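Peer 1: Line order of the protein sequences matches chains A and B.
Be aware that the first sequence starts at 1, since it is given in our numbering, and climbs by one per residue.
Be aware that the second sequence starts at 1001, since it is given in our numbering, and climbs by one per residue.
One thing to keep in mind: the hints can contain errors.
Result set (PhoX-like, lysine-lysine): computed pairs, CA atoms no more than 20 Å apart in a straight line [what the hints assert, rightly or not]:
id, chain 1, residue 1, chain 2, residue 2
1, A, 472, A, 485
2, A, 48, A, 76
3, A, 532, A, 341
4, A, 101, A, 48
5, B, 1063, A, 532
6, A, 579, B, 1074
Read the hints as simulated data drawn from the structure, not as lab findings.
Quantities reported herein were computed from a predicted structural model and do not represent experimental measurements.
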Amino acid sequence: MLYAIITVIFRISSLKEEYMSNQQNLLVIGNGMVGQNFLVSLMASDIKEHCDVITFCEEPIPAYDRVHLSEYFSSKSANELSLVSPDFFNENDITIHIGDKAIAIDRNNKTVTSANGAVIAYDKLILATGSRAFVPPISGHDREGCIAYRTIADLDNMIAAAKDSKVGAVVGGGLLGLEAAKALQNLGLETNVVQFGPRLMSAQLDDGGAGLLKSKIEDLGVTVLTNKNTIKIIDGDSCRHKMIFADGTELETDMIIYSAGIRPRDEIAASCGLDIAGRGGIVIDNQCLTSDKDIYAIGECASWNDKIFGLVAPGYAMARTVVDHLAGGAEEFTGADMSTKLKLNGVDVASIGDPHASTPGSLVYSYQNGVDGVYKCLVVSQDNKQLLGAVLVGDASGYPTLTQYYLNGIELPQHPDSLILPSRSDESVGLGSDALPASAQICSCYDVSKGDVCSAVEMGCTTIGALKDETKAATGCGGCAALLKSVLDCELEKAGIEVNTDICEHFPYTRQDLYNLIMVEEIKTFHDLISKHGAGKGCEICKQVVGSILASYWNEYVLESEHVGLQDTNDTFLANMQKDGTYSVVPRMTGGEVTPEGLISIGQIAKKYGLYTKVTGGQRVDLFGARVDQLPLIWQELIAAGFESGHAYGKSLRTVKSCVGSTWCRFGVDDSVGLAVELENRFKGLRAPHKIKFAVSGCTRECAEAQSKDIGVIAVEGGWNLYVCGNGGMKPRHGDLFATNLDKQTLIKYIDRILIFYVRTADRLQRTSVWMENMEGGLDYLKSVVIDDKLGVCDQLEAQIQHVVNSYQCEWKTTIGDETKLKRFRHFVNSDKHDENIIFVEERGQIRPANLEERELLAAENA
Amino acid sequence: MNQWIDACSIDDLQANSGVCALVENQQVAIFYMPDDNAVYAINNYDPFSHINALSRGLIGDIKGEPMVASPIYKQHFSLKTGRCLEDENIRVETYAIRINNARVEINTNITIEEAA
Ligand code: SRM
Ligand SMILES: Cc1cc2nc3c(=O)[nH]c(=O)nc-3n(C[C@H](O)[C@H](O)[C@H](O)COP(=O)(O)OP(=O)(O)OC[C@H]3O[C@@H](n4cnc5c(N)ncnc54)[C@H](O)[C@@H]3O)c2cc1C
Ligand code: SF4
Ligand code: FES
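Let the hints inform the model, and build the full structure from the sequences given.
Peer 2: If you want it as structure tokens, here you go:
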């Protein structure tokens, strides 16, 4: 039997060989960012039909986003960082050897051998082995708790080591070093940055920029040590290690993170005799070919023109070049722009072109503002016409404009310094995206030009989201998002496409405009608003929007006669209409907490009215199948048993989920149920553009799934961590870490402000997740509004929420006390009969609505 | 035979909203728009969701045509003609309605169009 199977397999594989004699074995070593990008480009090209693709992946997981690696500490899981869709390899018939490292290349026989013993033949070989963090070869460099900053495994090691550490040191004050420092600080360590040279970010910044950056970083509580040459690491006295520097000074630290530059991983290439550059890196030509015509090298392992490129965009350009070359094309890799913009510990830093003015004859303009902590410098050509380089620290808002001057050789304005000085009245400083040539590169990660964007707009992409889907622009590092938006706006304007943001035909306004009108003119009814600012009678869209705005601003009873006509049926009857016209009833159970007596009363009431009961996904009990006339009776009893409306019907606060927390759970760090109950009681009844959900977890195991909620809170040793704008539902979104280690008072203050800011500025039916996705400036902007009070509105936001808290009423309690309102809860105004169309059948011991077939059967029986 | 049947008192109506009355075993949705001094009567049965619910929809106008939006799947029905604004093949019954001595009266035998 076994024999037979083997023969068959053999037959099939030999058949395949015969059949596909023009097939090529394409072998890729390394499944990092560039290796994966190569595979994706290859799969999008025609030549994939002729390739059998095999790849070696040394790490235990396929390619992930190293650029956003640091987010692994704050908000992203390994899964979310992944660059590979789950079925990618399967769907494309690519064989991936996960966790297997290529160890030798035999160029004569054209095979590669792996650590696990696989021997694979290749026709073409692509090396994408990346680089490693440079670890200074000093004694003690490999002591426990001394970790490189490069892979997810490194980060896991850091998290583990941080558990019993107080002090941390980062070796290297470059781009990555400062990112690592931020990570250590977030892990709660006292953080030091040890820099060999005199300047931070020496590759990108000049003295002025580096000096200012140093003082800004120090303001944040990180100690920066410059001119420190570590000569050895030994046992410490107060900490695990002691670093000894050449100048005789020392530093005690529990952890050491290496981030002092990268070294290309060229060893496998070197040992099979490929040319290696003087400063390391596999030598490649403009086609990315190595010294062997069947072997290419791409990404950080490659050296072009004696240069290593430590950024993804050049690696992606190399990958595209190789795919093109394999297909017989003539594309060339001719170097790449190394301009960068980033936010280091919240400090904006950008560097463009030649920041050190090393071009002969170049001139320098600089501007320093010690008060605001801003430093800007421009390097221009001798004739004052071309931008050669720039450094921006503390305010990098000019980056998109300056890079466009630089990359496209656009002639500078008469006074180039106007580009960095706080605006001069006689000159416009911004460079409209109109001025850019079609060839201007907008997104360097995905090589998207202005021309590409314009044709996508012509094809009908009129939103940033559509443009991202179509061109991939702004989906890499995200650095080009602002520029992309300005190109889009400009193109739309030119095309005369007015993006109609009117809420509906009755109001020529957006939801936000209506909110402002209501606030500023103190309008209290729909009638007043539409007679002053609208036309016609309104419709279900504007009525609900205005109903919601009035409710969140004035917080009056929603069934007041001026308001009742604005509510959707669920709000009108304070219950959720089901498919058969009956309603569900959801009493509030704050934090999911309920007493046995409470549960018993709910059970008794459900039994009395014959309702179907189910525990919801929001940690409470839902009672289904109530007729409209039964709603007040049921609520009368629920209120008597101590329950309140759960607002399951409203675009308002729904539930605050909790986990059991420190009260019972052996891992609990704080009382999550207590906080959940307090938050739910504070915010219940708040009407919003869409529903709002919270959750509170008692520790980072996160049993309450707080990171998928609009507002998520997690207890940590230092206080509460606040996540915002998460979402489950149709398009799940992981919440963003907004602030850490908050005390309860600050936590509530931030939530107050965030919620009212959302209520004021979101679009209709926009959950916080989409609101955040569309917010210009994103999380940082929200922080600047809520934490730094950039708009000066925090007092107003707090006053508004306080008004809502103070004027809370259980709508059901108000309703059952009001005879006139109760009149509405009848199916017929002129009869006590019930709707005969409501028919239940039994299933699993409870009722459910009869389906159409069952209704017909029942009707036939009755006839 | 044209016959006006008493449905309810005008006090039973909800301004800018709807109620349902049982008229000769028919469920009739009655809407009241006080600003236009208008009342409308249509069948309460929603042909899309197959339930009696149109009286519980939001009302207003689309391009000047008074309408109700079904509370279930949100299709719009003209209150004058009963036509579904999204699907012209679908129409709900409309009835003649009048106010007589503070009483609301319905005539299920004539539609509004015929009455007018
Ligand atoms: C009852 C319940 C299902 C259950 O039996 O567990 C439920 C039922 C409904 N959900 Fe839900 N959702 C319920 C928990 C959830 C959850 C889970 C949670 O809250 O933890 C989610 C995902 C989390 C989230 O919202 O981010 C959820 C995401 C949705 C969505 C998608 C929202 C989105 O942003 O994509 C809708 C549709 C919508 O709102 O537009 C929806 C809409 C609905 C509606 C209102 C649909 C409708 O219009 O009829 C359902 C009627 C509820 C009713 O009649 O009472 N329901 N729904 C849950 C009630 C929880 C509660 O106690 O109030
Ligand atoms: C923390 C951090 C932040 C960064 N931020 C930015 C940024 O903001 N912008 C930017 O442009 N760039 C940034 N970078 C750099 C960017 O991540 C790299 O340029 C990019 O990852 C290079 O891709 P690569 O495929 O060449 O190398 P890698 O992504 O390192 O992939 C190489 C892969 O090959 C594997 N490998 C090596 N040898 C073998 C072998 N013999 N057999 C099998 N597998 C092998 C390695 O294990 C690795 O998985 C950052 C890097 C780090 C670490
Ligand atoms: S998942 Fe869909 S079907 Fe289930 S309750 Fe939510 S909305 Fe209804
Ligand atoms: S430049 Fe990185 S996403 Fe566009």
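Peer 1: Each hint should be assessed against the structure and marked as holding or not.
Peer 2: The hints, checked one at a time:
Among the hinted pairs, residue 472/A with residue 485/A is consistent with the structure: their alpha-carbon atoms are about 13 Å apart, no more than 20 Å. This hinted pair does not check out: residue 48/A and residue 76/A have alpha carbons roughly 33 Å apart, beyond 20 Å. Among the hinted pairs, residue 532/A with residue 341/A is inconsistent with the structure: their alpha-carbon atoms are about 48 Å apart, more than 20 Å. As the CA atoms of residue 101/A and residue 48/A are separated by approximately 24 Å, the hinted pair breaks the 20 Å bound.
A hinted pair counts as satisfied when its Cα atoms are at most 20 Å apart, and residue 1063/B with residue 532/A qualifies at roughly 19 Å. Between residue 579/A and residue 1074/B the CA atoms are separated by roughly 13 Å; this keeps the pair inside 20 Å, and the hint holds.
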